[in-house]
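Student: Residue numbers (the working numbering), protein chains in the order written: chain A, 264 to 935; chain B, 264 to 935; chain C, 264 to 935.
Keep in mind the hints are simulated off the structure, nothing from the lab. Among the hints, erroneous ones may be present.
Intra- or inter-copy, both count: the list cannot distinguish identical chains.
SDA-like, lysine to any residue: derived pairs with alpha carbons at most 25 Å apart [claimed, not checked]:
1) K388 - P675
2) K444 - A601
3) K837 - G896
4) K837 - G902
5) K895 - E853
6) K934 - D459
7) K927 - E819
8) K837 - E658
9) K769 - E545
10) K445 - L526
11) K388 - E427
12) K845 - E617
13) K395 - E658
14) K895 - V812
15) K845 - E652
16) K444 - D593
17) K837 - R475
18) K444 - A471
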Amino acid sequence: MTDSDDEGSSTGEPDYHLTEDFGSTGEAGEEDDSGTRSASARTASTDAEIDREGGEHGESTESTPVLYELQDGCTVDDVEEGEVYRGTVNATVEYGAFVSLNSSVSGLVHESSITEPMEVGEDVKVRVSDVKADGDVELVPVYMHDYDVETVESTVEVASPEIEDLGEHEGSRVAVEGRVKKIRQTSGPTLFTLEDTTGTVEAAAFEAAGVRAYPEVTEGDVVEVTGEVEPHDGDLQIEARSLVVLEGDDAAAFEERVDEALLERAEPPELQPLVDSTVLQELYPELREVAQAIRRAVHEERPIVVRHHADADGIGGGVAVERAVLELVDDVNDDPDAGYHLFNRMPSKAPFYEMEDLTRDLTGALRDHERHGHPLPLLLLIDNGSTEEDIPAYEIADAYDIPVYVVDHHSPDEAVEEHVEAHVNPYRVGGDYAVTSGMICTELARLVNPDVEDEIRHVPAVCGNADRSEADAMEDYLELALREGYSSDDVEAISKALDYESFHLKYNDGRHLVDHILDVVDNTAHVDLVDRLSTQADEAFERQKSAAVPAVERKELDNGVLFCRFDVENHTQKFTFPGPGKTTGAVHDEIVEEQDRAVVTVGYGPDFCVVRGHGVEIDIPEIISELQVEVKGAAVDGGGHLVVGTVKFVQGLRERVLEAFESKVEEAPLKK
Amino acid sequence: MTDSDDEGSSTGEPDYHLTEDFGSTGEAGEEDDSGTRSASARTASTDAEIDREGGEHGESTESTPVLYELQDGCTVDDVEEGEVYRGTVNATVEYGAFVSLNSSVSGLVHESSITEPMEVGEDVKVRVSDVKADGDVELVPVYMHDYDVETVESTVEVASPEIEDLGEHEGSRVAVEGRVKKIRQTSGPTLFTLEDTTGTVEAAAFEAAGVRAYPEVTEGDVVEVTGEVEPHDGDLQIEARSLVVLEGDDAAAFEERVDEALLERAEPPELQPLVDSTVLQELYPELREVAQAIRRAVHEERPIVVRHHADADGIGGGVAVERAVLELVDDVNDDPDAGYHLFNRMPSKAPFYEMEDLTRDLTGALRDHERHGHPLPLLLLIDNGSTEEDIPAYEIADAYDIPVYVVDHHSPDEAVEEHVEAHVNPYRVGGDYAVTSGMICTELARLVNPDVEDEIRHVPAVCGNADRSEADAMEDYLELALREGYSSDDVEAISKALDYESFHLKYNDGRHLVDHILDVVDNTAHVDLVDRLSTQADEAFERQKSAAVPAVERKELDNGVLFCRFDVENHTQKFTFPGPGKTTGAVHDEIVEEQDRAVVTVGYGPDFCVVRGHGVEIDIPEIISELQVEVKGAAVDGGGHLVVGTVKFVQGLRERVLEAFESKVEEAPLKK
Amino acid sequence: MTDSDDEGSSTGEPDYHLTEDFGSTGEAGEEDDSGTRSASARTASTDAEIDREGGEHGESTESTPVLYELQDGCTVDDVEEGEVYRGTVNATVEYGAFVSLNSSVSGLVHESSITEPMEVGEDVKVRVSDVKADGDVELVPVYMHDYDVETVESTVEVASPEIEDLGEHEGSRVAVEGRVKKIRQTSGPTLFTLEDTTGTVEAAAFEAAGVRAYPEVTEGDVVEVTGEVEPHDGDLQIEARSLVVLEGDDAAAFEERVDEALLERAEPPELQPLVDSTVLQELYPELREVAQAIRRAVHEERPIVVRHHADADGIGGGVAVERAVLELVDDVNDDPDAGYHLFNRMPSKAPFYEMEDLTRDLTGALRDHERHGHPLPLLLLIDNGSTEEDIPAYEIADAYDIPVYVVDHHSPDEAVEEHVEAHVNPYRVGGDYAVTSGMICTELARLVNPDVEDEIRHVPAVCGNADRSEADAMEDYLELALREGYSSDDVEAISKALDYESFHLKYNDGRHLVDHILDVVDNTAHVDLVDRLSTQADEAFERQKSAAVPAVERKELDNGVLFCRFDVENHTQKFTFPGPGKTTGAVHDEIVEEQDRAVVTVGYGPDFCVVRGHGVEIDIPEIISELQVEVKGAAVDGGGHLVVGTVKFVQGLRERVLEAFESKVEEAPLKK
């Protein structure tokens, strides 16, 4: 194909500014290595319409006339007087019709030159009769049968940098692809906030004062904006000359780049666990997956909801992750309040993720979605979430495609697996609850944001202390805490203080207060807080024990176990720290210490009992399964680890359940 | 009377621009048909002051001198050099005194021309000696005894359009009446947002940069603004030349127009119920009243508070109304958040509107009123509100003149009537609870906003299913749902899912979640949600029944009724779905199905019992009344329909109440 | 020292504008009486560098050359062409180096005149070769060995007014000291909001469009701004020429002035109690301290948290203080919403300040501190807070240095004293609970803000009525209420209405509703509200009594006391007004009225009993102490006054505690 030789044109020899590669196949939109889109100009197509016959002026000429197609991105500067362009009728008015040559250039066909009616939407061929100094374009309709089609691309060399590199193009025209994050109408131009994987920039498009430009563009669209980069209020702004919504492959390519960039940013750092532990090593790959999902959510501005067990291990794990996420959110977001909108940590009062919790989280998320445009959240359960009781909530989350991640060290139900994206649990790799959720979450926090490691290095020791971990890792974590300047007593006191305060926090996350107790954020109150809270906790334990211990009934079972039971609701102060579980534990510990033999302690309330065992091989979850079958009508339920757990039942059959439970204990072998 | 012949005036013959009708009686402010206020100029009064003697210049002339009174709305353009005007001393300064000729025109009397002291507030006659190019007016005091008084009205033809028609007057001067909705001081002019029945517009009044113009005007005032309509930031704005607070008849006339317009807009559409039902036909007139009140509230931006029974029927009814109101609020308001500020739906946990609910609603409303200027709300009770137990709350609402509307299908107490504006209840027109609240509220929603009919046409079937309606209307509503593509099973599943989720929502309205369950707003989660929630509900019923049924004590009464009782609190899981009421119902249904005879089932807790009857003619509300007298000290209370209800009593007399209740059942005749 | 005689200077004789006192020791910064800082100009130092030898031009001259030091506050107007100044290299650029002469004046040394490299931070001597019309300064480096040093202070007479007096300096340059409250970057200048003890003003500093000026300055810094006072948007603004952070003594002096001003403003008015009462007189000095702390907090914009007993006396006291504080907050703050941010009143459900309450208050305060920059609050406990049970919460508040103030009329524990800043309690000055918290708080409110006295004068009578005060002061307060137009019945009805509504408010403060009931804010609803609420309260009492009275067991004790006990939980409606305490009281009153003899009434629940005594000398707090020792394992606890109190215990030992309590009553002497 050749350039048009248009010497007979009434407007004289056009001053073509074709580039050398006009013979190419016109890979508009592709980027070369420098990030500059190859902006070659008129490119002949292989269009079947091409014909050797003369042009529309009826002149005898060797060359075929050319119909130019003005690509989007071209401006009026790319339009040549005298040439013929393909256009679309935009609007008809009394005095003529407006015909657009591309998304940003249009001109008037005066009614005097219209011989046949022009209809809106109709494709027409028009000759540019005049380009006025003010940019107005005058057109006349032409009728061409045989012509070559050539594509006109912008002759202005338009770089297409990523947003973060716009500074290098100040004063020049660029073509930037981005997602429209926000559209704001001012009394002057319309402002489009664009976002790509590298940053955000504002593009100002002016239709008329206070009139919405590009009304077809909506928030969320992927667009290409062409315009000059200019400083504005201390920032750079694109003065948009054209703004085109990308569709199909172009949009897909952008999405893919976004996705790749997200994946890259979401990639956790290459780390090893803080301590040498086979269990942690085994958990690490799945933990990296969780970290990646969290990092991705932060970069996508997807809210993260963390629900954790309301005890020191759960809080410690939750706070470690919170520190990591909040700092990352702050790095990624300009809004200093983003950490409050995009992250939400709350204790679950039940030892599982109840439908009530899911309902609260879900209705909040749907409201934020509808009202503020937030995506639905990622849900992370900590020290919770691995049992069958969690499945109802997971089913509903799944109806909304809300992804669920679990980090837990409770004995897991197989059935949970299919409902969650990842489930990091020592039991699943041959470990047990001695590697606590708080330990794993501290490792998770490092993978999410290694910058917070210094703040949280002592957290695993606190969590392990709270859950009486006897794992090897516990010793190493404690060693780390000692190196950070905490004594063993400090670690114990922090753990007690957290447990005690957690009782009073109820459904409150206590963001800053808990940070100060756990000493992950510097505050002069830390030492006094921990000292006073842990002392109050000690006193509270003494108070409850002084009422409970005298009420304990002791009985020697045939297998040699000392079976101890007491009414924990009738013989403690109700609604007071420590609650039935911790009180039963404290009573049990006192008996064990005093007796040094196999002991099972049962603190019972109207419709539950808390169980602690020592020196005997019981398996509480298994006993519960058996009682469910054996005690009809008692609605037996519950959970726990081997020798630590809770059994629930209907109040009316309490005595029968307790007796059946006692029989189970009596059948169990002692530990050697 | 004639024009003044003022040839001796130092400023020469004034170029009078009097209109032809200066002899009229000056009906300023009246509108002609075209909405243009007749803006005739100088109009002679029949003032007694008129005298044949010469003017103030002492010249012999046939005409009496004229004292002009410059009406508000006139500008400096209406002032003639050389003429004498009535004025009021505004301020005295070192170099003279300022005299105002009307609300917007004033001038300076230089101290050199003051021979007698002028006092602020004093009425004076002044000749206009000069009108400077910049609009400054110079005055000299004059002393006239005999003169004609003529009124000068603005010579500019001033249209007085409604706000929505201002576009037709761009560039012209208008006089617009409106209520001042907001006053905002900018660094330039003061901006008054005016509102009439057709829209809002901003009037900009400039006193001095950053200085409050018309400080006497406060938000809420009805004013007339005169000024030019000019485009501003893409909207029209009035550049105010004068702004006068309307009082007396003028203000009353405006208020009346507002009221009429409101009434007109509040008028519900002419519709018929979706199904053919005598009860609905009978209820329709009062239902229209409720719809009108709601529509009016929306147009007045009065908040609407809906409180409904926390079951599927109540939620369904509440959501139908919610959909209608929210869409109407969106139509009427620019603020996309208005639907969150102006509408509040919440479940009532009790089967009546408790003082706790009223207290929460009232304190919220008072706070919004004080803090954000919201009017006090309209209160609508759905599937609730028709019993004596609601009256305490109504009394307090009434102390604040908060209007209460009730749509309920529970057996009503007569005493409620005097406390509510309207009470739509099938019992009041010879129907019964088979026409459920959700059905009626769906009809109400259509009257509030017919645009939402498509979304909610299946809602009555869901509500009727939930309340086991056997009304004729139920079949028709079900037919409608089938036509919308829902199977009977779908309808049942939605109803179960709603009931189940409602248990977990507690005091949360669950706006979007409930929309998706009920399928009134499209969401892909709907099918999964309903499937999973209804399945979970079924399983939960099975769990509770498996504990409860073995605990049922059965007894054959003398009248042949099988009297079944069980401790619903001791033989179910507490605080778990289904609660005592639904569990008792499910147990009852199972017994009835198994026995096919007259059965009364009583599920009792410590201080209440739930009752379900079948095949026997008991009337629970009546039994309660009898027990109140017969069992002293038991504080018997409660409510319900004939064979479905709850009895409350003090815990210490439970057995006596249950026995007395059994006797009542034993006395009841069987149904044939 | 003498002025420089610089005739050989190439730039000619400088036009010195030295003041007469250039021989002084340069007390820059000191203020004379008129508040104008003595702005003497070039002041010779006694610098050791001074040398008799010739200047840098090597000319023979009698005078030593002078090196000028341009003080901060000087502008380019103070710079003389031809003179030599001490400077610091600011930045080096391709074409030279920028040297600053003081914090706001700098100039360019062109590279052509640089013979030796200049390093950033280096001290240099430069001659001013040119001051351009646009203020640009050209410098050349010079090398001087022997010279006198003279200080150049601004020759512009710069007043240093307080902010409220800036109006007197419009158009002039001032030097204002203030704390930077807020920094805001506009697209033009950077705006610093300055605050001193008299007001706030904005200083606009322009570095470049949209570029942050003085980036070293942060919010909270104390600075001196020098610049012109100009009108801007109707306010005054300082167009900053220099802005220097004050440190050391200067900052300390400012802080001291702020402190003094705060103390002065915090000083309560000189008043006497509304009634003549020895107890109030004795309490007055400490009450003034509390008032001063509150007033200071308001002026510092420190939030105030009030927690009060959830009964009429507590609410009345809380509301009196609330009225006083809110009006003061409104006076001090421009933000009309400040009263919602800076004041928070809430009832405590327990009769003490629980850890739950502290936790909620503290986490809220920490969040406001972190998120919104609020200082931690002042905590005021009303009708609460004087017992050992409050100490755990106080300990935690103290860890954050949150000051606690207590106004209570419950029998105080000595141990509380060390934890609170002030504790106003009639028991501490020989009074008792008859002078109620509401009375004392009304006096406190007057000291906080005497303007509200008219609104609250009747409050003490209401509070006293609620707590059945028989103090002498009560009669006087009632007299005051009567004078305000309330009858005794009105007072009683308001007190009942408050108590009743408080039951329904739960954790809600009910700000406006309570104001209307208590009639401290005009509202037409008041009369109806009180009438209906008090009637409902009466009916509710009758309902509970009708169930409870038949259940009372009466027993004649050996000491002649009629000992009455009943199960208040099993024989009343639970969770219904009146609760166990008030119901027991009402039952007791009925018995006393009927019997007219020594009566002790005990209303017991599962783990508590409420006690009321009449005609017998029991001391409930003391009995509790004894039972704690005597009934092991019962965890006895509680509190109260002599004959009014609550005993708590574990449910399992109820009967033993009640019997032990009965024995204590039997040992008590009757009152004569």
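Student: Against this structure, judge whether each hint is valid.
Tutor: Evaluated hints:
no.	hint	in the structure
1	K388 - P675	neither (72 Å within a copy, 77 Å between copies)
2	K444 - A601	both (16 Å within a copy, 23 Å between copies)
3	K837 - G896	between (28 Å within a copy, 14 Å between copies)
4	K837 - G902	both (23 Å within a copy, 17 Å between copies)
5	K895 - E853	between (35 Å within a copy, 18 Å between copies)
6	K934 - D459	neither (62 Å within a copy, 74 Å between copies)
7	K927 - E819	within (14 Å within a copy, 40 Å between copies)
8	K837 - E658	between (35 Å within a copy, 23 Å between copies)
9	K769 - E545	neither (34 Å within a copy, 42 Å between copies)
10	K445 - L526	within (24 Å within a copy, 39 Å between copies)
11	K388 - E427	neither (41 Å within a copy, 42 Å between copies)
12	K845 - E617	both (21 Å within a copy, 20 Å between copies)
13	K395 - E658	neither (65 Å within a copy, 76 Å between copies)
14	K895 - V812	between (32 Å within a copy, 11 Å between copies)
15	K845 - E652	both (22 Å within a copy, 22 Å between copies)
16	K444 - D593	both (19 Å within a copy, 23 Å between copies)
17	K837 - R475	neither (63 Å within a copy, 58 Å between copies)
18	K444 - A471	within (22 Å within a copy, 28 Å between copies)
Taken one by one, the earlier hints fail for this structure at numbers 1, 6, 9, 11, 13, 17, listed in ascending order.
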